[in-house]
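Those protein sequence lines, which keep their order, are chains A, B and C. Okay, so the first sequence: first residue is 7 according to the numbering used here, each after it adds one. Okay, so the second sequence: first residue is 159 according to the numbering used here, each after it adds one. Okay, so the third sequence: first residue is 4 according to the numbering used here, each after it adds one.
Calculated from the structure, these hints are not laboratory results. Careful, some of the hints might be misleading.
[Claimed, not checked] Here are some of the chain A residues that sit facing chain C, going by a computed Cβ distance under 10 angstroms:
1. Met56
2. Tyr60
3. Ala78
4. Arg83
5. Met92
6. Ala100
7. Gly101
8. Glu114
9. His117
10. Lys118
11. Gly119
12. Lys133
13. Arg134
14. Asn176
C-beta atoms are modelled at their ideal positions from N, C-alpha and C, and glycine is treated no differently.
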Amino acid sequence: MSNTPYAVEMRGVTKAFGSLVANESVSFSVRTGTIFALVGENGAGKSTCMNLLYGLFQPDSGTIHIRGEQRAWRSPREAIRAGLGMVHQHFMLAGPHSGLDNIILGDEPEHKGWSFLPRWARPISRKRAIKDLDDLITKHQIAVNLDQSVDVMPVGVQQRLEILKLLYRNAGILILDEPTAVLTPHENEAFFASLHHLKEQGKTIIIITHKLREVLSHADDLAVLRAGRVVATRPTAGLTEQELAELMVGRAVQLIAEVPPAPALGPVALSCQNLSLSSRGSKPRLNNISFTMRAGEIVGIAGVEGNGQSELLELLADPRFYFGHGEGRHRLTASGNLSVLGHDVRSWSAARLRDQGVSMVPEDRHRQGLLLDQDLTQNFLLGLAQEPQFNHFGWIRAKAATRAVTEAITEFDIRPKTPSALAKGLSGGNQQKLVIARELARQPKLLICAQPTRGVDVGAIEFIHQRLLEARSRGMAVLLISSSLEEVLALSDRILVMYEGHFIGECERGVDEAHLGRLMGGGS
Amino acid sequence: MSSNLKQPLVAALRPALAALIGLSLGVALTAFAGENPWQVFMVILRGALGTPYDAGMTLFYATPLILTGLAVALPYRAGLFNIGAEGQLLMGALAVAVVGVLLPTVSAPMSLLVSVLAAFAAGALWGGIAGWLRAYRGSHEVITTIMLNFIAAGLTSWVVLALIPSQDSQNPESARISANYMLEHFSAFSSAPVTWALPLAVVTALLVWLFLRFTVRGYELKATGLSIDAARFAGINVRFMQMLAMALGGGIAGLVGIAEVCGNSSRFRLGFSPDYGFIGIPVALMARAHPLGAVASALLFAVLQKGTAELDLETTYVTRDLAAIIQAMVVLAVAAEGGFTWLKWRRAKPEVKNHA
Amino acid sequence: MLEYLLDLAAATLRLSTPLIFAAMGGLISERSGVINIALEGKMVVGAFAAAVITLSTGSPWVGLIGGGLAGVLLAALYGVAVLPLKANQIVAGTGINMLAFGIPPFVAKILYDVTGSTPAISLAERFSVAPMFLAVLLPLVIWSFLSHTRGGLWLQFAGEHPAALAAAGVTVRRIRWASVLTAGFLAGVGGATLSIFLSSAYSRNMTSGRGFIALAALILGKWRPVPVLFACLFFGLADAVQMRLQGIQMDGFGKVPVQFIQILPYMITIVVLAGFVGRSRAPRALGNS
Numbered sequence: 007m008s009n010t011p012y013a014v015e016m017r018g019v020t021k022a023f024g025s026l027v028a029n030e031s032v033s034f035s036v037r038t039g040t041i042f043a044l045v046g047e048n049g050a051g052k053s054t055c056m057n058l059l060y061g062l063f064q065p066d067s068g069t070i071h072i073r074g075e076q077r078a079w080r081s082p083r084e085a086i087r088a089g090l091g092m093v094h095q096h097f098m099l100a101g102p103h104s105g106l107d108n109i110i111l112g113d114e115p116e117h118k119g120w121s122f123l124p125r126w127a128r129p130i131s132r133k134r135a136i137k138d139l140d141d142l143i144t145k146h147q148i149a150v151n152l153d154q155s156v157d158v159m160p161v162g163v164q165q166r167l168e169i170l171k172l173l174y175r176n177a178g179i180l181i182l183d184e185p186t187a188v189l190t191p192h193e194n195e196a197f198f199a200s201l202h203h204l205k206e207q208g209k210t211i212i213i214i215t216h217k218l219r220e221v222l223s224h225a226d227d228l229a230v231l232r233a234g235r236v237v238a239t240r241p242t243a244g245l246t247e248q249e250l251a252e253l254m255v256g257r258a259v260q261l262i263a264e265v266p267p268a269p270a271l272g273p274v275a276l277s278c279q280n281l282s283l284s285s286r287g288s289k290p291r292l293n294n295i296s297f298t299m300r301a302g303e304i305v306g307i308a309g310v311e312g313n314g315q316s317e318l319l320e321l322l323a324d325p326r327f328y329f330g331h332g333e334g335r336h337r338l339t340a341s342g343n344l345s346v347l348g349h350d351v352r353s354w355s356a357a358r359l360r361d362q363g364v365s366m367v368p369e370d371r372h373r374q375g376l377l378l379d380q381d382l383t384q385n386f387l388l389g390l391a392q393e394p395q396f397n398h399f400g401w402i403r404a405k406a407a408t409r410a411v412t413e414a415i416t417e418f419d420i421r422p423k424t425p426s427a428l429a430k431g432l433s434g435g436n437q438q439k440l441v442i443a444r445e446l447a448r449q450p451k452l453l454i455c456a457q458p459t460r461g462v463d464v465g466a467i468e469f470i471h472q473r474l475l476e477a478r479s480r481g482m483a484v485l486l487i488s489s490s491l492e493e494v495l496a497l498s499d500r501i502l503v504m505y506e507g508h509f510i511g512e513c514e515r516g517v518d519e520a521h522l523g524r525l526m527g528g529g530s
Numbered sequence: 159m160s161s162n163l164k165q166p167l168v169a170a171l172r173p174a175l176a177a178l179i180g181l182s183l184g185v186a187l188t189a190f191a192g193e194n195p196w197q198v199f200m201v202i203l204r205g206a207l208g209t210p211y212d213a214g215m216t217l218f219y220a221t222p223l224i225l226t227g228l229a230v231a232l233p234y235r236a237g238l239f240n241i242g243a244e245g246q247l248l249m250g251a252l253a254v255a256v257v258g259v260l261l262p263t264v265s266a267p268m269s270l271l272v273s274v275l276a277a278f279a280a281g282a283l284w285g286g287i288a289g290w291l292r293a294y295r296g297s298h299e300v301i302t303t304i305m306l307n308f309i310a311a312g313l314t315s316w317v318v319l320a321l322i323p324s325q326d327s328q329n330p331e332s333a334r335i336s337a338n339y340m341l342e343h344f345s346a347f348s349s350a351p352v353t354w355a356l357p358l359a360v361v362t363a364l365l366v367w368l369f370l371r372f373t374v375r376g377y378e379l380k381a382t383g384l385s386i387d388a389a390r391f392a393g394i395n396v397r398f399m400q401m402l403a404m405a406l407g408g409g410i411a412g413l414v415g416i417a418e419v420c421g422n423s424s425r426f427r428l429g430f431s432p433d434y435g436f437i438g439i440p441v442a443l444m445a446r447a448h449p450l451g452a453v454a455s456a457l458l459f460a461v462l463q464k465g466t467a468e469l470d471l472e473t474t475y476v477t478r479d480l481a482a483i484i485q486a487m488v489v490l491a492v493a494a495e496g497g498f499t500w501l502k503w504r505r506a507k508p509e510v511k512n513h514a
Numbered sequence: 004m005l006e007y008l009l010d011l012a013a014a015t016l017r018l019s020t021p022l023i024f025a026a027m028g029g030l031i032s033e034r035s036g037v038i039n040i041a042l043e044g045k046m047v048v049g050a051f052a053a054a055v056i057t058l059s060t061g062s063p064w065v066g067l068i069g070g071g072l073a074g075v076l077l078a079a080l081y082g083v084a085v086l087p088l089k090a091n092q093i094v095a096g097t098g099i100n101m102l103a104f105g106i107p108p109f110v111a112k113i114l115y116d117v118t119g120s121t122p123a124i125s126l127a128e129r130f131s132v133a134p135m136f137l138a139v140l141l142p143l144v145i146w147s148f149l150s151h152t153r154g155g156l157w158l159q160f161a162g163e164h165p166a167a168l169a170a171a172g173v174t175v176r177r178i179r180w181a182s183v184l185t186a187g188f189l190a191g192v193g194g195a196t197l198s199i200f201l202s203s204a205y206s207r208n209m210t211s212g213r214g215f216i217a218l219a220a221l222i223l224g225k226w227r228p229v230p231v232l233f234a235c236l237f238f239g240l241a242d243a244v245q246m247r248l249q250g251i252q253m254d255g256f257g258k259v260p261v262q263f264i265q266i267l268p269y270m271i272t273i274v275v276l277a278g279f280v281g282r283s284r285a286p287r288a289l290g291n292s
């Protein structure tokens, strides 16, 4: 082995998919025994880069060197053998199986005396695996219950399980893709503490992230990717957050939107009293939530994802389904009071709610907001088809629909500007603008808006924020559910913080960000 | 934009091409039996279209296939896989037979209406059960419709043999329905049983097309199939839509009873269907679940069905069972057709994963 | 009475045999994430091939293996359609079933110049009990394979979380191929037991929906070997009872409608699927290849 100080080197690596160049001549070096951050916006090419390193893709040109040696993997298997390990953003764990089985998968210790059988037919010795793992658990201070099935483990524990899996495989180079996206601030601290611990043991760690602060406080070196190219590679020391943000985006960024003066508050638009959502025998998803919001204000719900926001959204979308009328698979039932625009809506269907002036921008636009294989007109009709404007005794008014979508395209600057374009062909920002244009087209009195700018480019973010603020000026009530702290801070008149299914605190506009962060982690 | 215009054409051509490949494979197999595949092919064509009677028989076979094709296609547009057309058509035919035997006095124009309603209602009930189970109990419709097919077979067999058995023959069939219910054969096809059931099937296809293309409910049904979550958030009652799609599909399959009982045999003969319900799957598949396309692809499958019947007489070693093999080849080819695209693009571009 | 019960138990075991083989085939396939509604078709070709091979070799064991291999051939075609070509598994399965029904008449016409059935197999060349014992052992073998061996763990992950398996360096495609072919073999053997164990020739429609009953047993047994075994035994019992009730007059009821007993397994499956009696959870990645 050569005595290079570098665990990983990428030298001029290029990878294209069709006409899309995902990585163009990417070069950077990772020193052994350090924490290295690969940063960039959504779609900058971070994942492609790591998948190349991990052997899921092969580079079109350029070379990859591990500990000074040039390597070309044909599959992740070879990368694993060479001591690489990756924790994917979506964990690679099978729910019903035990933590142990998930860890040993692909590297199972055998019982002695069965080697006459082919490899696949040999019995596994779980006892030996547990012995090895117990040593690792003590050495690296990773608390995991191996017998538990993954389904019942909290996300933080699942992540530890993933890391333990890599250590079990003797990985010297750990790649972590967006590791903190699902962690509470508290879990976050514990996570980075264990990363530093691993680093001291001589492991090399690469994290992929777009969270600037984490990079600056924990990484030794970093590389910034923008549109498939490395625009900077340097030590983190001496870099400020603003500089890093501008490197990532490629221009000066204005993180906070200009907020117009608040209009006078109108009547109560949405009121939840002691709202709970639970299924028999498990802990409630929503626990005794109460809040009231009025026309003309934006109320933000902040929180780490998975603390009940999705459930609140589902409940608000279709109350009848959860308030005792739900049947079949859904065993979740709601209790408490829910009123919208002065009506008790507990027995209302989604359709009736919409009818009375409630619009909804769902959190996952691909799955919940769009018909991806249909054109813009069909997508614009979604949820509007019953409106008298488009419904003539049960027949669709096609011309009116085309006219309406054309107007929306102009007003929201959606590209391409053709109503016959397919929704799946639009960029994330344009898709989101289409959804928001549609939901605002009905002049709702209450807009429930979840993750309105997730995976959306910076230009579209500004545009969407502007629209939401305008809606507020017109006297609309906007409930904003977002896991982006900046967004919540920039838009909301009031902020409610959700933690493990209940509201842990309420803040006014202008609250200190650190305070909010503590609340999100369950602190007081 | 021009690619947008070209798309429907390409979309229609690709499955047709795949079907052709499947057909060729199936016919080519006869070489193993020592036959000349080209000759076999010509026998099939002649058998299906050679004389007005042959053409009439082909149209007679096409009628149930149009209906079962629609019975598969309509739920498919709502995102559901109806494997139960076979059971649904049995129930439809049973209803027609029961009505025809037990209410013999209903006179001519009314009787048609009564039988159509009975057939549709019985099929709709059978489809609706699967739809209800899917929408409200979450049971997968593929499994429930398979099970319902067998239940329908058992149930019809019991009703026919125990409650309305044939008086004048020892065959496993029901009593003859009242002559008031019978449809006249069109004279153009000599004695082939082509009746008003054929235009009924075509009109049904047209209605389904209008419904899906131009109505609000049709739009909601399609939206449910395209993305059930998006439809739900848009305030569409997706469970109702699922049930509606299955019930409509089942009802349409039930109309096969009109073609068979009122148009042909005048009774419920056990085992009358040569798997019309299952052939409806490739019929719908080849038409990409387009209602008007289903009429065209039903005709193609009818040609196969009728044409292969001649093989018993005209060849030494090939029988009408070849139809099953050819149909299967067509199904497999059409089903795998999407995979060809995948093979071609595999190197070019991986599935782009979009979070959010 | 005791004699009657013993007789019934033996009949139950015999009639369950084809179901158990087929259901275990389905289990292997579905636990790896590949839907298998073509069990029926594989049983048909298995039954036919076993009869033909037993007739020509005189050995039921060769016939049994031959039936299994015929199932493998059909499964290979299915595998090509659904694995590399990614055809919809339900559509392709339906196609395979259709194909299977067309094959025996086609081949029988060539071989024997009859359509549909084979000549009778002499009693000496038929199985008497052997397949029955194999059938009862099979679920135990599969259970220990799944829970104790490396391949078993891989197979389960292929069905639950294929991406995790791939990330661990095991090729999912290869596991699924192996399980699809194994399923073909077992279902083929199941079919074989129909023609060379339960009866003495292949005849048209002799499977009479047993492939689908096996599928029902698979769901009822929640995709787990031993419960599936019991589900098969239950359906076998229903079949045995049905045969005994055929034509019997019962006081007050008249003739017991055989059809009602025939449809019983399907009714039970629907009730279970509807969640009125417990629930069955399919492997998570079932159908996504």
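Hint check results:
With 10 angstroms as the threshold, the beta carbon of A/Met56 stays out of range of chain C, its nearest partner Cβ sitting at about 12 angstroms, so the hint is violated. Look at A/Tyr60: its Cβ gets to within about 9 angstroms of chain C, closer than 10 angstroms, so that hint holds up. The restraint placing A/Ala78 at the interface with chain C is violated, with a minimum CB-CB distance near 16 angstroms, outside the 10 angstroms limit. A cut of 10 angstroms between beta carbons decides the hint on A/Arg83: the least distance to chain C is about 3 angstroms, and the hint holds.
For A/Met92, the shortest C-beta to C-beta distance to chain C is roughly 7 angstroms, which falls under 10 angstroms, so the interface hint holds. Among the interface hints, the one on A/Ala100 holds; its C-beta lies about 4 angstroms from the nearest C-beta in chain C, closer than the 10 angstroms criterion. Interface restraint check for A/Gly101: the shortest CB-CB distance to chain C comes to about 7 angstroms, inside 10 angstroms, so the restraint holds. This hint holds: A/Glu114 has a C-beta 5 angstroms from the nearest C-beta of chain C, less than the 10 angstroms allowed.
For A/His117, the suggested interface contact is upheld, since its CB lies about 9 angstroms from the closest CB of chain C, less than 10 angstroms. With its C-beta approaching chain C no nearer than about 14 angstroms, A/Lys118 sits outside the 10 angstroms limit, and its interface hint is violated. The criterion of a C-beta within 10 angstroms of any C-beta in chain C is not met by A/Gly119, whose closest approach is roughly 14 angstroms, and the hint is violated. A hinted interface residue such as A/Lys133 counts as satisfied when its beta carbon comes closer than 10 angstroms to some beta carbon of chain C; here the least separation is about 12 angstroms, so the hint is violated.
Residue-level restraint check for A/Arg134 is violated (minimum Cβ-Cβ distance to chain C is 13 angstroms; threshold 10 angstroms). Here the hint on A/Asn176 is broken, as its CB sits about 13 angstroms from the closest CB of chain C, past 10 angstroms.
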